[in-house]
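Protein chains in written order, with the working numbering: chain A, 1 to 278; chain B, 1 to 307.
It is possible that some hints are incorrect.
[As the list claims (entries may be wrong)] Simulated crosslink set (DSS-like; lysine-lysine; CA at most 30 Å straight-line):
(1) A:Lys147 - B:Lys295
(2) A:Lys38 - A:Lys129
(3) A:Lys171 - B:Lys218
If you are wondering where the hints come from, they were derived from the structure by calculation, not from laboratory data.
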Amino acid sequence: MSDNLTTKYIEIQGVEQTFKTKKGPFCALQNVNLTVAKGEFVALIGHSGCGKSTLLNLIAGLTHPTQGSLICANREIAGPGPERAVVFQNHSLLPWLTCFENVYLGVERVFGAGDKSTGVPSENKAQLKERTDAALAMVGLTPAAQKRPGEISGGMKQRVGIARALAMEPKVLLLDEPFGALDALTRAKLQDELLAIVAATHSTVVMVTHDVDEAVLLSDKIVMMTNGPAATIGDILSVDLPRPRNRVALADSPAYLGYRKAVIDFLYTRQAHVEKAA
Amino acid sequence: MVSAVFHSPLEASTSSTASPAKLVAPASAVRAQPDPVPAVRAPRTPYDWRGLWLAVLPPVLGLGLLVGLWALVSITTASSIPSPVETFKQAVTIFSDPFYSKGPNDQGVGWNVLFSLKRVALGFGLAAVVGIPAGFMIGRFEFLSRMFNPLISLLRPVSPLAWLPIGLLVFKGANPAAIWTIFICSIWPMIINTAVGVQRVPQDYMNVARVLNLSEWKIVTKILFPAVLPYMLTGVRLAVGTAWLVIVAAEMLTGGVGIGFWVWDEWNNLNVKNIIIAIFVIGLVGLILEYALIKVATAFTFEEVKN
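For reference, chain B alone in the conformation it holds in the complex (with noise of 0.2 Å):
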């Protein structure tokens, strides 16, 4: 009752016929309500424009700021390094048969994308199969922490391209040298981000397991293991996001079928569109795979955790 009495001014303002009828019977108002709402209330949610606004122009204005100098350094060169439109002409064709393969040297960017993300996954996922228990280890036991520790620190600053002639000499083969490269450099984050979490375990924690008298088996999975979850995780986000820095440099050197030696290929062809749309695919797969793990951290992290 009393919501009809408020609202009755604004209906007032819509249809003043209307009025004197819910004064004398309020029943009558409340049935009169729903027609007047949806007029009322539309106005009071408008679109959300400036919201769309800030999430679209800057966005816009940053690509065109790019292909902006682009086209401009293209006319400085007396393009050398080809100008946009043409480059996205260039792109169009390649994009219309990325799967094409006309031998070893020569295949489509779709399949060089691939063997690259090939060699990223095996890499990656014996780093992760060595690391992570590893660093479960090192992080659950001080001295194998203490025993590791100096290990780790020596060896993680040393560029993964130096791996390389180690990883020719041993596999004695150009795919298993670069996939040794991708597995090496990969190691290191998820060691440490796997040790951390296992260390930062709150002590709280271990008193219920202690006064629950779990078994070890139940700690590890109920307790351990969920909460270094979003730490590993961390840690295998860093590890892709340094294997797809690694892999270009990688098969730039080692060669065969990838997008790094495409990258190389086409310089030493002087095909220098293609090098400028192979950074781009380059970019936009690492920032997949980037969101795509960040989706999968945030699905797996906990309040309590998150702090």
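Pulled out of the complex, with its shape left as it was, chain A reads as follows (with noise of 0.2 Å):
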């Protein structure tokens, strides 16, 4: 049993995802299989429209698939959860809360309540607090913990939107797209950040991105998608790099740059066609 766990942490069966639109129904996923063990560090990669992130949004309970079946931790999906942290593309920070509240807000929920079931008893203020400073220091925050999001920069709220996630110590880190809308330095810090956070939790991770480079220097596998409409995994990559990973190092090793040649061949030559099916 404990065996199966840590192979097929996440379990993906044949799910199919069709949105019902005013031109008739759209089929966005088709036949979806996939494992992802506990620990494992997961890119889903593809075109634009190619339903990442409506793979994501399936993971994390936002949507209900059509067809087939979502399980994590032996348990079926059945909607969202602290459990399945997710860090949002565009940040999602409440703008009238600081930073230290947009924080403590998950924890707040996630230990302030207790769990009976369990029989973890609930935290005192002043361990929920610890938590939160705890997770805004992980990223490095501290000094702005008492400002508003919109007095930080982008990559700020991205970092707290990434704190806001870990600090509910979750059992799966969902990432859509989460260095999307940043500059290329920021993002390249806050990818090395993440290594390290991911390396010191043990995390289990499931990213979207359609950036190769930050694909194959996080993973430990990538997903590579088919075109929309009806978009499925056309392949899965494993990336067999030691960590911890150097950018610097990686930059010129071989087996990064076979591992991204491989990549880059998938999204380019075999799906290339998607400017013209769009």
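Join the two chains, each given in its own frame, into one complex according to the hints.
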């Protein structure tokens, strides 16, 4: 059982997602099968409109599949919950709360209530505050804790989003193009921070991206999706680069370049018809 | 050091004797610097006369135009419309004792304004108590929205004064009827704006609520209410504006103490000066109400909500 859990922590079987539109049903995803092991870092990559975010929303439980099943830690994914924390593409911080309060909101819900079924007692305010401070410290935002999202930069907002997700100690961390809106230098810095955080927390991560370098640098497994409509998984690439990974050292490593080439080949040779289709 | 070198030509122009010393000993230049700096800086940031000019002159000209036109009308109508000067003299006597009370039909302008404001506050407050929660419900539940939208569309265009007879009939009194009229006219903007605000809460925020698994209470207090607040305050502002417009008309019809009744009473006395004064007072009070509510609204609007 425990062995099954480590190799098949998230199990997606025969998932199909159809949306009702004015022009009739639109099939976004078809026949998606994927397993994610505990502690694995998986990147979903593909052209725009290939359904990677749809798949992530399904794992998050924000939407329900038309067909097929999604299982996380041996339980059917019935809806969204803090055990599968999401870092949204546009950070989605509440602008009227300070960074601290934004993170505290999640912490309070997860640890402030306790859990009668497992006997975990509820934590007091000092403990909750400590958790929030620790999460902000992990992303290096202790000085900005009392600022509102409107007063900090885009990169800092995204870090608060990551802190909010991590502070809930999720079983799975779901990242929806978390660095897509950032400039290249900030993105690189946050990728390095994410690598360090994931190495320290041994989180299971599913990340949507359309950045080839980001996918190769961060992941253990790259899931490459075919073009929509009715997108599915085209190929899965295992990235066997040793950790900790260093972007400068990897820049001219043949293995890294090989993985990079494989992903680019998939995206631009085998799935190149995206512009014509759109 | 670099700044000292860059500054030296300027200082040289102010005191030519000091410059050779600086070239020889830069340290003394640094020490000498604080003295000339104010002298150099003063002409660089002159007082913004042009800004002040633009801020003061156009409004003064506008007021001047109004008073000029008024004087012209006064002259051409052979003073059946009183001249600005006469009206000003009358205003001074009125405002020197705004809170006198000589029976129900003869009270100071201060009392009249306060009675009108009290009616507006009551009618408007009741409308807020009913309208804002109703707006929340209509915005949150599709069913209620479909149920009430036709009613709102039908009743909103009706002049609030048309409701006055109904108020008189039901409440059997002039004062409650006036309050009822204010209630009716201020409830629509509050319901509609609150409902629109709730419907426009970004889906991202609701997704956050779902992922964090927040309770309904937390959703309302931490997400819905702050997100809707700017819309709600717009509704409140529109409602207060309309209420202040309507109270004058309602009081003209119902009588009693109030600024609208005062206008009508002075018309019956053919005291046109007081009517003009009343017009200015009504305008000024409306302006203050509007300005105060804009201030409140900007204080509660956050960056992401503004755009």
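We went through each hint and held it up to the structure:
| no. | hint | verdict |
| --- | --- | --- |
| 1 | A:Lys147 - B:Lys295 | 22 Å, holds |
| 2 | A:Lys38 - A:Lys129 | 29 Å, holds |
| 3 | A:Lys171 - B:Lys218 | 24 Å, holds |
This entry satisfies every hint, going by the numbered hints stated previously.
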